[in-house]
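Each chain, letter by letter, is given below.
Protein chains: 2
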Amino acid sequence: MPTDPTDLSPLSYGSSGVDYNVIDPFKVAAQRAAASTGSHLDGHGFSEVESSRGESAYVVDVGPFYLASIVECLGSKAMVADSMQALTGKSFFAAIAQDTIAMAVNDLITVGATPLVVQAYWAAGGSEWFADAGRRQALIEGWKRACDLCKVSWGGGETPALAGIVEAGRIDLAASCTGIVSPKDRLSLGAHLGPGDAIVLLASSGIHANGVSLARDLAARLPQGYLTPLTASAVPIGFGEALLEPTVLYSPITEALFKAGVRPHYAANITGHGWRKLMRHRSAFTYRIHAVPDVPPVLKFIQAEALLSDRDAYGTFNMGAGFALFVAAEDAAQTVAVAHKAGLDAWIAGTVEAGPKRLVIESLGLEYDGSDLGLRA
Amino acid sequence: MPTDPTDLSPLSYGSSGVDYNVIDPFKVAAQRAAASTGSHLDGHGFSEVESSRGESAYVVDVGPFYLASIVECLGSKAMVADSMQALTGKSFFAAIAQDTIAMAVNDLITVGATPLVVQAYWAAGGSEWFADAGRRQALIEGWKRACDLCKVSWGGGETPALAGIVEAGRIDLAASCTGIVSPKDRLSLGAHLGPGDAIVLLASSGIHANGVSLARDLAARLPQGYLTPLTASAVPIGFGEALLEPTVLYSPITEALFKAGVRPHYAANITGHGWRKLMRHRSAFTYRIHAVPDVPPVLKFIQAEALLSDRDAYGTFNMGAGFALFVAAEDAAQTVAVAHKAGLDAWIAGTVEAGPKRLVIESLGLEYDGSDLGLRA
Numbered sequence: 554m555p556t557d558p559t560d561l562s563p564l565s566y567g568s569s570g571v572d573y574n575v576i577d578p579f580k581v582a583a584q585r586a587a588a589s590t591g592s593h594l595d596g597h598g599f600s601e602v603e604s605s606r607g608e609s610a611y612v613v614d615v616g617p618f619y620l621a622s623i624v625e626c627l628g629s630k631a632m633v634a635d636s637m638q639a640l641t642g643k644s645f646f647a648a649i650a651q652d653t654i655a656m657a658v659n660d661l662i663t664v665g666a667t668p669l670v671v672q673a674y675w676a677a678g679g680s681e682w683f684a685d686a687g688r689r690q691a692l693i694e695g696w697k698r699a700c701d702l703c704k705v706s707w708g709g710g711e712t713p714a715l716a717g718i719v720e721a722g723r724i725d726l727a728a729s730c731t732g733i734v735s736p737k738d739r740l741s742l743g744a745h746l747g748p749g750d751a752i753v754l755l756a757s758s759g760i761h762a763n764g765v766s767l768a769r770d771l772a773a774r775l776p777q778g779y780l781t782p783l784t785a786s787a788v789p790i791g792f793g794e795a796l797l798e799p800t801v802l803y804s805p806i807t808e809a810l811f812k813a814g815v816r817p818h819y820a821a822n823i824t825g826h827g828w829r830k831l832m833r834h835r836s837a838f839t840y841r842i843h844a845v846p847d848v849p850p851v852l853k854f855i856q857a858e859a860l861l862s863d864r865d866a867y868g869t870f871n872m873g874a875g876f877a878l879f880v881a882a883e884d885a886a887q888t889v890a891v892a893h894k895a896g897l898d899a900w901i902a903g904t905v906e907a908g909p910k911r912l913v914i915e916s917l918g919l920e921y922d923g924s925d926l927g928l929r930a
Numbered sequence: 554m555p556t557d558p559t560d561l562s563p564l565s566y567g568s569s570g571v572d573y574n575v576i577d578p579f580k581v582a583a584q585r586a587a588a589s590t591g592s593h594l595d596g597h598g599f600s601e602v603e604s605s606r607g608e609s610a611y612v613v614d615v616g617p618f619y620l621a622s623i624v625e626c627l628g629s630k631a632m633v634a635d636s637m638q639a640l641t642g643k644s645f646f647a648a649i650a651q652d653t654i655a656m657a658v659n660d661l662i663t664v665g666a667t668p669l670v671v672q673a674y675w676a677a678g679g680s681e682w683f684a685d686a687g688r689r690q691a692l693i694e695g696w697k698r699a700c701d702l703c704k705v706s707w708g709g710g711e712t713p714a715l716a717g718i719v720e721a722g723r724i725d726l727a728a729s730c731t732g733i734v735s736p737k738d739r740l741s742l743g744a745h746l747g748p749g750d751a752i753v754l755l756a757s758s759g760i761h762a763n764g765v766s767l768a769r770d771l772a773a774r775l776p777q778g779y780l781t782p783l784t785a786s787a788v789p790i791g792f793g794e795a796l797l798e799p800t801v802l803y804s805p806i807t808e809a810l811f812k813a814g815v816r817p818h819y820a821a822n823i824t825g826h827g828w829r830k831l832m833r834h835r836s837a838f839t840y841r842i843h844a845v846p847d848v849p850p851v852l853k854f855i856q857a858e859a860l861l862s863d864r865d866a867y868g869t870f871n872m873g874a875g876f877a878l879f880v881a882a883e884d885a886a887q888t889v890a891v892a893h894k895a896g897l898d899a900w901i902a903g904t905v906e907a908g909p910k911r912l913v914i915e916s917l918g919l920e921y922d923g924s925d926l927g928l929r930a
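Protein chains in written order, with our numbering: chain A, 554 to 930; chain B, 554 to 930.
If we strip away everything but chain A, and leave its shape as in the complex, we get (with noise of 0.2 angstroms):
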């Protein structure tokens, strides 16, 4: 929708054009149309592992290890990067690479897998798209170096000219992203979550890649848009810029904490519906958090300048926390250095409580509770 420059109420993903109420249900819906289909596995001589449906990612055991798979889409990120290109002259597609890998792999691993192979899935408004050899070239690098930060094998994909469907001069990115669990006792579906589990937070570098629509429309009535320099932010750089900070990747992360021998319990990728998603699994318990990292300066000069709440800030955005390890109380310490040892800043943000379903943000004086999240059939 247009946005009015002058227009000073409190932006919100309603406002965004990204209904959840709408959505929501409708996946729901096609939940339960999927679950009716594990079944066929059976006559593969294999099964799905049923705890995994409405999870990041489903999960099937073949046998001597467990297979995960998924397909992840980047969002409306992509078009951050056409308005700074026209900005700026300068292609951002390697950045938006690495958002569009990190939605899947970043999933992937919640359920204890290692990521093997990485599809691209490219869909362009027509095949002019390809034409930007600049363009072109940057999102080809920055996916290959994606995924060698994770160590997957880039298989293959799809690069479709979609006219008519893809708006002429946009991308639609996804990717798929298949992995194994192994050894088994890797698989991290919430099984052993359970009362006295800490809550390890990993950083995030800004944005990442949700809630960008309603960075997008902040943009619209700033008068400098994303010139908009950040006042927050230690070093100088544009609100269009900090926003296009890629993803981080936490499959190293992982990696690292399993030849470690942490094995998490359960685990979220921080995207849409921001902290809430740490109320992800299916099971009732409370989510106390004692402690919040600091507040990336991009995430800070969003919630000042479309006027959000904490509450609407927390259940938006990461706020600075990427993603989520649920471990043992005498697993967090290591988790946390295991992260600090591999470059990443981590906290020991809180614990799970026996109670009813919810998500209590000490500090902040904010609760959420199940309700206001509507992921599952």
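Hints in this document: simulated from the structure, not taken from any laboratory. Quick caveat, the model's predicted, so the values are computed rather than measured. From the three backbone atoms N, C-alpha and C, an ideal C-beta is built for every residue, glycine too.
Below are the BS3-like pairs computed for lysine-lysine, each with C-alpha atoms no more than 30 angstroms apart in a straight line:
(1) B:K910 to B:K853
(2) B:K697 to B:K812
(3) B:K643 to B:K853
(4) A:K737 to B:K704
(5) A:K737 to B:K737
(6) B:K894 to B:K704
(7) B:K697 to A:K737
(8) A:K704 to B:K737
(9) B:K894 to B:K737
(10) B:K894 to B:K812
(11) B:K737 to A:K697
(12) B:K853 to B:K894
(13) A:K697 to A:K737
(14) A:K894 to A:K737
(15) B:K737 to B:K812
Output of the computed footprint for chain B on chain A, the stretches with three or more beta carbons under 8 angstroms from beta carbons of chain B:
(16) 578 to 588
(17) 596 to 604
(18) 611 to 617
Guided by the hints, dock chain B onto chain A, whose structure is given.
Here is chain B on its own, set in the frame of chain A:
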């Protein structure tokens, strides 16, 4: 592009906005970068099957069996369903769902894989796409039914609302598929393909999902558009409805062949580039076709109305043959018998010969050479 209903010049893929001359070299550059990432699998104790690079599915050796994965796009066929819904009030998205799954499954099985898991990628132009109950229900039901036909588990998927990237009212449909090749000697990457092998063609149901942009351009210049009756059809049917006959799912045939003891040396899914796909394998062979199947009425109609030469028609459409199996000569008759038993027409259509990469369709006096198919790095 807008088409002029009075323009009677032949239609072609270039004029339909899909320019393979731009896309194919880009694909080749991406394939080169992708190939450089295959060695990451070694660090996980696995290895890629290098000869699967550039084939229809990517194959990894995970020890007891091979893992195959793929992501595939439907293309523009959903736009035909959109037009037909506007004209008839009926949703054709159940058929479209099957088409989408067929694009992935029919590619995956070419390497000898049993498809196990399909993931849905349904990227809509906005949340409102999902508000049409009949349409979304057809999509879900058709997707489930196609999974049932292929005996695959629908693992989950992604249903983003991508306003600004996907056009309002449209949907970008794709599917990822993961399977295994087991036992490992089912692998059909063409190592055993050679002179004397028989080419068995399996019947298509119509246009499937390739060549649809051209069909849409044709509809735009027909006075009755999608409601034009197909004169060559035995039963009265309109052009649009005939286009929306769902794609044949070939995995029940390849699974039945395995059970019957037939191991194809190679397989080709006849999609974009039409019969030129028969030259898909990297080796130089001459593929000589002695007999062509009957052409489905909808493809006969397109060829006649779009004024296509046989060369253009067979180089673009499946012309009645949706899938090719390259089998040992002594397995050819049984291959046909297995297909017939499964209810699908099939023909021993030709032979593989030593010679330069070339496709010769004798009865039509057609010849294509390897340079007519620029898919490889």
